[in-house]
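Novice: Here are the chains, one letter per residue:
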Amino acid sequence: MINLKDISKTYPGESKPAVDNLSLEIDEGEICILVGPSGCGKTTTLKMINRLIEPSSGKIFINGQDAINQNPNKLRQDIGYVIQDIGLFPHMTVAENIATVPKLKDWDQAKIDERIDELLNLIGLNPADTKDKYPAQLSGGQKQRIGVARAMAVDPPIMLMDEPFAAVDPITRTQLQNEFLSLQKKIQKTICFVTHDIDEAIKMGDKIAILNQGRLIQSDSPKNILFNPKNEFVEDFVGSDRSLKVLNLIKVSEIMKKNIPTATTQSSPKEVLDKINDSRQSYILVIDKGEKLIGYVNKKRMKSNSNKNWKENIKYSQVISSDASLIDALSRLIQNNQSILPVTSDENNLIGIVKLKDIQDKIADSYQAESELEEPEVV
Amino acid sequence: MKTIQYFIENLNYITDLTIQHLILIGIAIILALIIWVSVGIAIRNKDKTANTILSIGSLFMSIPSVALYGILVTIPFFGLRTRSAVFGLILYSMIPIVRNVYTALNEVDPSIIEAARGMGMSERQILKEVQLPLALPVIFAGVRVALVMMVGIATLAVFIGEQNLGQLIQQGISRTRTDMVITGAIMVSIIAIGIDLLIGYLKKKIVSPGLLLDDNQGGR
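Residue numbers (this note's numbering), protein chains in the order written: chain E, 1 to 379; chain V, 1 to 220.
For the record, the hints were derived by calculation from the structure and aren't laboratory data.
Possibly wrong hints are sitting among the right ones.
Only pairs whose alpha carbons sit at most 30 angstroms apart, straight line, appear in this in silico DSBU-like list of lysine-lysine [to be verified]: (1) V:Lys204 / E:Lys103; (2) V:Lys203 / E:Lys133; (3) E:Lys16 / E:Lys5.
None of the values given here were measured: they were computed from a predicted structure.
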């Protein structure tokens with residue numbers, strides 16, 4: 001879909017090229033992450049794809065067509081572009097911002113309006129509430145979502161994203177990353193994504209291209225980058241906690257336990273205690289009639305307070321979605337000092353649990369996998 | 001009391017002078033906007049030229065108005081009365097308008113321009129649809145300063161034969177008629193305040209609410 005052939009860029013007045021003979025292929029529907037230390041040429045590379053920066057030499061093919069021979073404005077209208085500072089137009093409403101490229105392409109107003117509603121629904125914002133707001137009235141996370149919606153306005157097959165989630169707080173960032181990944185499942189764009197954060201690269205990428213001093217050092221799947229670093233630079237860049245990073249690649253759904261014992265809000269106190277004893281645990285999860293998770297009760301409290309309405313003993317528990325990565329699950333467990341984490345669906349239905357111990361086992365597994373993978377390399 | 005009496009007795013005369021005053025300022029500001037906004041746009045990417053232009057503007061500003069009018073009337077095309085008066089006012093409005101247009105266009109957040117370019121807008125579209133609308137509040141501030149200044153300086157055009165509210169002030173001084181001076185001064189102030197209110201109203205109408213919101217919340 002995107003094919004960079006031996007592209008180089010030397011800025012005027014500089015002897016060292018910012019990008020040096022870089023070749024890279026990005027397949028259709030793939031998220032390719034350009035990652036590296038600052039000054040490695042990742043942003044320059046990205047901006048050469050939509051020709052915000054003209055390459056000094058080399059060729060760029062988009063969908064088989066030579067990008068250099070096309071009208072740069074027409075080229076850019078067909079490539080979604082999201083930047084770190086978002087760059088929403090503060091004098092335009094959300095709707096007008098999203099309509100920017102459709103208007104450049106002379107869509108009729110009815111089609112534009114329809115598309116705005118569709119996009120806002122897609123990114124989880126209520127069109128009626130959001131459409132007529134100005135950027136100054138939005139939160140950082142909402143602005144970033146609108147920035148993505150604006151880039152997708154004419155449904156371009158390709159999106160370029162330059163550190164799109166770097167300017168928001170860590171919690172919002174994780175949320176935006178997860179949302180974007182589930183969005184990508186639906187939209188299947190070809191995406192080139194720049195970040196300096198290797199964790200983000202591992203989480204978001206189908207393919208990771210590691211750059212240093214303008215050169216492509218290694219481009220590979222996240223797993224291979226983690227376990228088969230090509231040289232010392234990649235190894236250092238990925239960090240010594242590689243096994244921990246693997247947790248980014250594993251979904252909660254892959255290790256969660258299903259069919260767990262539960263009590264319902266209709267149960268009598270005795271039933272609840274029996275169930276706790278049967279399960280040989282010190283607690284039990286409580287759900288309501290509709291399988292929605294209410295919380296948990298522990299054995300000690302049940303025993304000491306058994307005469308009262310037992311439901312007062314129910315405590316709220318942190319939860320996680322089955323789409324989340326194990327690293328999210330682990331940090332949530334540690335932050336809340338829990339050893340188990342209920343897994344819930346979007347509708348808050350209980351679907352399983354993750355235990356701290358299972359995550360530990362998975363880390364141990366990956367250490368083993370790592371040594372297996374590395375052995376043939378020694379030869 | 002004397003002032004009120006003078007005002008009532010000479011209502012027609014005062015109205016005439018006020019209209020003359022407004023016409024002079026009206027012509028001057030329209031021409032000034034056409035010329036100086038274009039200049040401001042033309043120099044937006046040229047720092048060196050901009051510095052030269054802005055120094056020339058400051059130079060005009062530093063010439064006393066009476067002296068400037070004195071020079072202008074000696075130029076055949078301008079001569080006495082309106083042409084010189086209008087041209088003088090245009091020169092004085094150069095700095096507030098050009099400087100504000102130039103600064104406002106250059107202060108537009110670079111990430112906004114980059115986003116616009118990245119979406120495939122041409123440089124012309126970026127100027128028209130992004131930079132200028134974003135620069136409007138600052139441009140309005142410049143126009144407001146220019147207009148209020150014009151109202152005052154226009155009174156001095158009576159020395160080169162213009163007929164406007166300056167006449168009341170000038171004649172009042174030479175004939176030691178306080179009532180005339182006060183009437184002239186009050187009328188000039190009323191025009192200045194009126195223009196200030198008008199500009200404030202136009203700003204609310206023309207500038208995007210998204211930007212005014214921004215101002216209320218303490219800037220970007």
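Novice: All the hints need checking, so say for each whether the structure fits it.
Specialist: These are the hints, each one checked on the structure:
Between V:Lys204 and E:Lys103 the alpha-carbon distance is near 26 angstroms, which keeps this suggested pair within the 30 angstroms criterion. A distance of roughly 20 angstroms separates the Cα atoms of V:Lys203 and E:Lys133; the hinted pair therefore holds under the 30 angstroms criterion. A hinted pair counts as satisfied when its Cα atoms are at most 30 angstroms apart, and E:Lys16 with E:Lys5 qualifies at roughly 19 angstroms.
When the structure is compared with the earlier hints, no violation turns up for any of them.
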